[in-house]
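> Okay, here's what each chain looks like letter by letter:
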Amino acid sequence: MKHDHWTGGCPDPAEAACAQDLRVVYRPPFARPKVALVAASLRLKRGVSLGVVGPNGAGKTTLLRVLAGLIRPDRGEARALGLDPADDRPALMRRVGVLLSGARHFPDRWNVSDALNFVAAMYGVPRSRVGELVEAFGLTGKEREPLSALSLGNRQRLNLAVVFVHDPELVLLDEPTLALDAQTVETFAHFLRQRLGQGMSAVITSHDHAALGKLVDDVLLLDQGVTHVPQGPVTDYARMVLVTDRPVTFSLPAEVRVEGNRLELPNDPRLVVQVLDRLDLEGLKVMEMRTQNGVEVIARTQVGGGL
Amino acid sequence: MSALVRAALIKVKADLAEQLRYPIQFIFGWLTTGAVLWGLGLAAARTSGTEAGVGALATYVAMGAVSLFYLIPRLLAGGKDHPPEEAMLYPYPLARVVAVLASVNAVQIALGLIGVYFLAALAVTRHAPAIGVALEGMALALLGAAGAGFLLFALKLVFRKVDGLAVLVQLGFFAAAFTPGLRPDWIAAVPVAGAVRWLREPELSPLPVFLFGILWVLVGLLAVARAEREVVARGVAGYE
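Chains as they are written, first to last, in the working numbering: chain A, 1 to 307; chain B, 1001 to 1240.
For the record, the hints were derived by calculation from the structure and aren't laboratory data.
Some hints could be false.
Said to hold, decoys possible - Facing chain A, according to a computed beta carbon distance under 8 Å, are these residues of chain B, among others:
1) A1007
2) I1010
3) A1014
4) L1016
5) E1085
6) E1086
7) P1091
8) Y1092
9) P1093
10) V1116
11) V1158
12) K1161
13) V1232
14) A1233
15) G1235
16) A1237
What the hints assert, rightly or not - Listed next, the in silico BS3-like pairs over lysine-lysine satisfying Cα-Cα at most 27 Å (straight line):
17) K142/A to K1013/B
18) K34/A to K1161/B
19) K45/A to K285/A
The beta-carbon is built from N, C-alpha and C at its ideal position, and this holds for glycine as well.
Chain A on its own, in the form it takes in the complex:
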């Protein structure tokens, strides 16, 4: 794994992001403190995309908030692009793109161009850059549409485009694929891969593990505020589950796990087509077809079943 546990804080300023033994407590005034992270660590090299998975309330968004400088940890050390996020947040934000809880908010009365031009102006980025992003995120022809009239999917495309306006060196993406269709996820994955190839780095959380599998190189499991590093590469992220109208009694490719009328296989389109053809040939009907949270399942398996 590229983000093995280590000791000695975050000494390498060349790393894209680093967190060591973070403890974070939310302290709203006149309310009980709430511990969000207990012992969270991560290490991210440049050009790498790291997925953070875990159940609801595990602390994934909090971890991103710490790296974005929105929360100062009680204990531990955090670095992003060599800077202390809480102390150097304005300088850091010139180089980092952030999406929290899957959304960026703008007045509904604005249109797509208003939102992108506003963000570009905030970063001092020329408007020509906005045109590139409109095209890259499939928003061509929708520039004048009020945000209130956009579909959820198009709104999410805009949210993502906004993150990349200033060509960030590091992106922190919390649920980036909310409401995106499969084709758009593919397009975004391609866009992200290009950026990663140019040296950008990413930390991504998502419950859509089929999509996450296309976006990340490594995975970190976060559970009850503690990070766990899966031992060994997690290459088989996206899983597909098929349920047929009767049990499968014939042989299928070795990658397909068969349990009665339930089939589980890697979400490889060619393999899926091959299996569907075979099922059709044998006269079986597919009653259900869905993706499964493969990343978390695999990460948990590798870390151990006690989580």
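We have chain A; now place chain B onto it with these hints.
Just chain B now, kept in the frame of chain A:
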């Protein structure tokens, strides 16, 4: 800073474009505002002639300043439009973002209300009013109100719900500005009231009101900077 101003102007343009999509609402909204404020001013002055004109102008100025005070905590902390946590994702200290957005808002309010005042005065008296005095009074009132608005914004960042306090302060501004006979020297230090007093007694120097206004702004922005550190330490920037 120029990038921030450019972004604020884009925000103004986008907001104005939306208002112009509904021209009847836009025009009659301003007409109603002008007529109501003029009437309130006359009623408050209970007189005629020059004093009535000053009374009406004082109402416009007070309304503009209190509107700015009301809007500042909502510029970034109004929920969905620009939550403070997202404003903190831009490469500026929060105090600078809110200062620029508030300044642009202040210019909008000043131009809008003084424009309506000019037209209302022209319609009622058949004479063009002294626009320089009106603008100066408005600027003085907006300065103090902006400082108080920044203070309230800082409180809202940390404590989130401060609407009750905001309403009380607004009422206090009106009371201090329009209570008959309440014109002690220290009123120059009170946002809105200091400017209104200067409108009524233009022979006084506006300098104290201006200096106290600057002081309010500085204290307000320092409070925002302090509140920004506080919400990062407490982790509550994203809380509603």
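> Now tell me if each hint is right for this structure.
Verification of the supplied hints:
no.: 1; hint: A1007; verdict: holds (4 Å)
no.: 2; hint: I1010; verdict: holds (5 Å)
no.: 3; hint: A1014; verdict: holds (4 Å)
no.: 4; hint: L1016; verdict: violated (10 Å)
no.: 5; hint: E1085; verdict: holds (6 Å)
no.: 6; hint: E1086; verdict: holds (6 Å)
no.: 7; hint: P1091; verdict: holds (4 Å)
no.: 8; hint: Y1092; verdict: holds (6 Å)
no.: 9; hint: P1093; verdict: holds (6 Å)
no.: 10; hint: V1116; verdict: violated (23 Å)
no.: 11; hint: V1158; verdict: holds (6 Å)
no.: 12; hint: K1161; verdict: violated (10 Å)
no.: 13; hint: V1232; verdict: holds (5 Å)
no.: 14; hint: A1233; verdict: holds (5 Å)
no.: 15; hint: G1235; verdict: holds (4 Å)
no.: 16; hint: A1237; verdict: holds (5 Å)
no.: 17; hint: K142/A to K1013/B; verdict: holds (19 Å)
no.: 18; hint: K34/A to K1161/B; verdict: holds (20 Å)
no.: 19; hint: K45/A to K285/A; verdict: violated (46 Å)
Of the numbered hints given earlier, the model fails hints 4, 10, 12, 19; all others are met.
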